[in-house]
Amino acid sequence: MSALLEVTAIAKAFRGLRALHDVSFTVNDGAMIALIGPNGAGKTTLFHIIAGMLTPDSGQIHFGGRRIDGQRADQICAAGIGRTFQVVRPFTALSVLDNVIVGALLRAKTVAAARRYAETILDELGLGAKSNLPASALTLPDRKLLEIARSLATQPKLLLLDEALAGLRPAECDRVVHVLREVRQRSGITILLIEHVMRAVMALAERVVVLHHGEVVAAGAPEQIVRDARVLECYLGEDTPL
Amino acid sequence: MNPRAFLSLAALSAGLLLLPWFANNYLLALATLFLFRAYTGQAWNVMMGFAGQLSLGHALYLGLGAYSAAALYFHFGIGPWAGIGLSILLCILVAVAIGALAFRYGISGVYFTLLTIAFTEFARIAFDHFDWVGASGGLFLPVGRRNQLDLPNLRGPPAMFYYFMLTLTATGFALSAWLLRRRAGYYWQAIRENESAAEALGVHTFRWKLLAIAASAAMMAPAGVFHAFYFNNLFPEHIFSIGRSIEILLGPIIGGIGTLCGPIVGAAVLTLFADGATELVTILGWDLPGVKQLIYGALLFLAIVGLPHGIWPALARRLGIKS
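Chains as they are written, first to last, in our numbering: chain B, 100 to 341; chain G, 2 to 324.
No lab work stands behind these hints: they were computed from the structure.
Ideal Cβ placement from N, Cα and C applies to all residues, glycine included.
You may find that some hints are simply not true.
[Claimed, not checked] Among the chain G residues that face chain B by a calculated CB cut under 10 Å, a handful are:
hint: 1; residue: R183
hint: 2; residue: R184
hint: 3; residue: E200
hint: 4; residue: G203
hint: 5; residue: V204
Okay, chain G solo, but in the shape it has when bound:
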């Protein structure tokens, strides 16, 4: 790493660590949302960016993670930390089942993507009728006192949630970086670039694709747990929606698919776009329904047209870092 890159990274880390000391609640909520986007984007990137398997149904794992931990807490009073472990297991199980079904029968490319949508829709409809977790009426968690820190139950001030997501994002980044340098990273990229060539080099592609979907789903689970305990309510229509699946992948696409920093840069830019659009509408007094979304859409369009390979690869070249 060159000195310039090291300095940027050090400044960024310090800024993120100290943020709760000088940010107001609004800014902190915005930063927490940014981290949530960055982390879920990173998880999706493991499967698509590294291994080339396009999922348009990652809301499935977010929802399963959220519901499993929330239900444990709601019904049995089991805290979210044990819930995280269980939600990871559940997500891995479901991901392996979907992956095994798809990869065993040679379902690939756009058909695989359709399958990921189908299972997420199936989950949405199933949870809509799942009375034990509130069905379409939603599941509501008892809200704790905001000024009292209760870490075992993940109850506390906004700063606690911010640090929870910051830790998760840092861990997700480190895990992705580590995986990319291992055998898994090499094999995943080979599969992404040319699956039959990878097979001809002795790569058991079925097994490694399964690992990619399992790792990606496992990473989504804690984000789901965060979602449940941060917002304290869960609706199938909301958490399993296709719109949410798309939100997850926007960050890495804008930031630079397949790169380590892309999902983080993308999440930052998306958060700025969304918030910037809101601010702009307020300042200009154009408070008409849909104007905000229109501006957000236009900004997204410009980013994708201007930098089709993502913002991070272009930025990294400027900074003189290998992306």
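Chain B extracted, bound-state conformation:
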């Protein structure tokens, strides 16, 4: 397996507050990797940098062998990286279908072609029956799915999911996990996800990267990670007797 995404020595500070320091890791083609860490560890900042919403102070990001750090968000999306937002950002006044059409228009030549593609994606994600509802009428789990559908419509090679499961009840969570597994099986898409729900991380990820205070403190298979002393420490605190 070759490296699809290479993050090398990324650093970012906000007015002296060190958000990320010397962060390096790679995501192989076709992999499913989880990025975990306590609140404020720098996970979302890292996502913003990969997706082009922020520029790093130093370090490099290569995607498919091409350097992408410093490019605009839309250029990075066009290069093949799709993303969802932690707090969902639907186009609320538009219908569910129109939301997905906006994404599909990136690769489709005509609106009609984008519509057809958007319809298949909505059907695959189980939102087909809700196509014509305004996005504002959707429940939270459906909004999370819409966020994913919209992103998938841009036909990314790499999908960045920022807490796609946060705030969902266990049954809803299982539904989204199921959808993600299916999408991955069908398209072989590479997924990098930020997740707090450990149940989902264990169920989905092949590899876990742990971020703490802006640094990578551990990386490995999920079973290994949950037993790692440094990981337990950053989640539970040093003095907590186990």
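Given the structure of chain B, go ahead and fit chain G onto it with the hints provided.
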């Protein structure tokens, strides 16, 4: 389209087309004013209603369109039809310059709006000192004979001006409807709803916002040309005033911002309000200064409080049409 909506539209079109046959000059002038409001509102709606970029300076494009065609006619005898082409080009150029400046440096929201006001004020002051077009003393076009139709020079009876505005309004509506269904319409609405989410879906927001401001300004230009040749006089204080910019956006706001029919419905209601207030004052004999404006203001207030999303969305629901 359902049969009821189709019938309403057919009746409306027939009524508008045949109006000059049964309307007197006063009614025709009122209808022409209504169309002018509807068209300029439609142009403003492309930028704000579709793409979410609030301009409080659309009088700028109206004035530039009016002055460029009028100056060509006044100084070189070049007819208004060539003038329309030039005024559109000029408006696009200015709009792209303002848009590029604002969007390149990330000026957005209320600061962008301030910038639109600033450029319009700048134009007003500049034209006040621009002697070639009469400066603050105004530019006056030679008036033609009202009963003689001279279409190449846009000189003729009131009905000609009415049909000019009717054609423009119909074209503006069709153009807006077409744009809304194209890639531009989808991208503009995405930018309006959430710009960063649009970017994350591969939308080059800078380019599409620039297109929105350019399209909107281009649509304003022929309305400016109409204004110059209908009234035959232009004053910077009048055409570039902030009051005029606000008049342009009242229609779409009252009618339903971001909708296709909103600017037209809004313009109709505004024209009725303004004229109704005048009639009411005359009937009641309250002919005191300011009373008319007070009644007009109260009617506007009631419309906005009663239907904060505009008249058209509520009306469309009643008629069973998707707004």
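Status of the hints after comparison with the structure:
1. R183: 7 Å, holds
2. R184: Status holds, d = 6 Å.
3. E200: 4 Å, holds
4. G203: 4 Å, holds
5. V204: 6 Å, holds
Of the hints listed earlier, there is not a single one the structure fails to meet.
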